[in-house]
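Asker: Work the whole structure out from these sequences, hints included.
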Amino acid sequence: MSLANEGLIVTPTKVRKRGMISYKTRKRLIPLFYVAPATFLFCLLMLFPMITVLRYSLMDGAIMKKDAAFVGLRNYVTIFADPVFWQSVGQTLYFTVMSVIFHLLIGLAFALLLNTQRVHPVIRSILRVLYILPWLFTAVIIAIIWRLLLDPNGVVNSILMALHIVNFKVEWFSSTKTALHALTFANIWAGYPLYMVSLLAGLQGIPKDLYEAAGIDGANEFQKFRYITIPQLMPIIISIALLDFIWTMQVFPLVWMTTGGGPIHATEVLSTYTYKLAFSSYEFSQASASAIFILIISMGATYFYIKHQKAR
Amino acid sequence: MAKRSSFKNTVLPTVLTYLGLAAGLVFAGFPILWMFFTSLKSNTEIFALPPRLLPDHFTNVAYLSIFNDPVKVRFFLNSYLVAGVVTLLTLLVAVLTAYGFSRYSFRFKNTLNVFIISTQTVPPITLLIPYFGMVVAFGIFNTYFALILTYMVFTLPYAILLMTGYLNTLPRELDEAVLVDGGSSWTALWRVVIPLSVPGIVATAVYTFLLAWNEFLFALTLTKSTDMRTVPIGIELLMGQHAFEWNEMMAMSVLGSLPLLILYLIAQRYFLAGLAAGSVKI
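Chains A and B, in that order, give the protein sequences.
1294 is the number of the first residue of the first sequence in the numbering used here; add one for each residue after it.
-9 is the number of the first residue of the second sequence in the numbering used here; add one for each residue after it.
Hints in this document: simulated from the structure, not taken from any laboratory.
Do not rely on the hints blindly, as some may be mistaken.
Stated by the list, open to error - Below are the DMTMM-like pairs computed for lysine to aspartate or glutamate, each with C-alpha atoms no more than 20 angstroms apart in a straight line: (1) Lys1317/A - Glu166/B; (2) Lys1320/A - Glu163/B; (3) Lys1320/A - Glu166/B.
Answerer: Structure, rendered in structure tokens:
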């Protein structure tokens, strides 16, 4: 192996020949050799692009103009003055908060159902695989499944009309009243399995004697759930919810493929707003300003996430 | 009285549990079943009234028209190629990094670790804009290379974290034995650590493949011509062109989900093996 020539192979004879200093230096260099490729890639694909997007956001006509001038915070002022931007912020927040809440509720419910001893283990393991299924589907496929189901002539409307819950064919994705809710619902369906899997692992890690001790003290099922299960799961709930908040806030393909942000911006979220600024209007500088805005919110949440992970 | 309380304590909760599980099954499974059976319907049957889950006449026209269309077959080949190469490169870099992380301490280790964790949460849209500029500047716009390179940014963090976690479960004594015998850390990595890490590597590979296979935003923006498009973009194009050929779009979705489904079922086995291997005593 060529590494022998680079001096990375440390044999006892070589150590004695070269003395302690070179041995120490080599020892220090070995780990750097292993992490070098990743470090290089992260510099190229993270550090450099971050600096670039920040620079774009402070320029006039980035990418499009050869001699783009530095204009300070003007792009930020422009997007902050745009009512559609603030509408997108509000809708992103609604979409994200509702998704996180229902992901948690459904994921927890499924995890509790799968953790119960009342059901045969074989049935439980089969159901666990089936319940995970929505998570394996690409956002694009989730989008078209729900477009088919929620089509005005589709099966959901047929069922709701047969049950007399609605009395006309609801245009779920193309009415300004329902589009955001329909979109949020599709995202809720697609996203709960991550919670389910993590919470199930968490439930199985709770020591049984906690429940036994509570039983001896006369606690009922609800009290056990409220004072043992929930506190024991809390660290997992917080980290998953924070990650989910960050990722849901950035969702693009599902929105793009169901409504494209429409009708009339009714489902515009920050990512579609930014994407359109960049690749439909070619306003790369304004898009960069908007992208930096999303980045700052994500990084704020990431800070709490890392702090929480370290505290665990 | 005794009968009543046994009903309340055992029968009722069991019935409620099964009801809950059944409701969950409908919630999770119905949309997927509907997709699958729609792909086997003829296009005239799709919005039949009253709606029926099972087709009256099973037909494979949707699948045939995909297999007979070289443009659509190309979407799949592109996806397999890009996701495959991304998986291989990611694994190579991730295993090296994880080995460095798990076996050594060095100066910027903590900084690098925080950097990798926070990369997981950087919005793709924020990276997309500079990537577009970079890819055009490098002259790799509309190539496989543009996708393979940029996909690494979101596959690497997971792969590194998963592999580091796995390598931490392997006892250090194993590779230290190689060092004592006069081998290098490089030899220890390839001869001892990697062979023992197969379950972890398989699990990481499956997850990486899944991420790369599902990617949409970069593929949408960094490629342009139809022959460079991947499956998710192919479905988007299909949707724009023939908005009413639902059976074909569902067939495309079934074919697009199949590799992930199969890989997941394989990986589940390896996840269990991975857990068992965590407690090796060789």
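Asker: All hints, please: hold or fail.
Answerer: For each hint, the structure was consulted:
no.	hint	in the structure
1	Lys1317/A - Glu166/B	17 angstroms, holds
2	Lys1320/A - Glu163/B	18 angstroms, holds
3	Lys1320/A - Glu166/B	14 angstroms, holds
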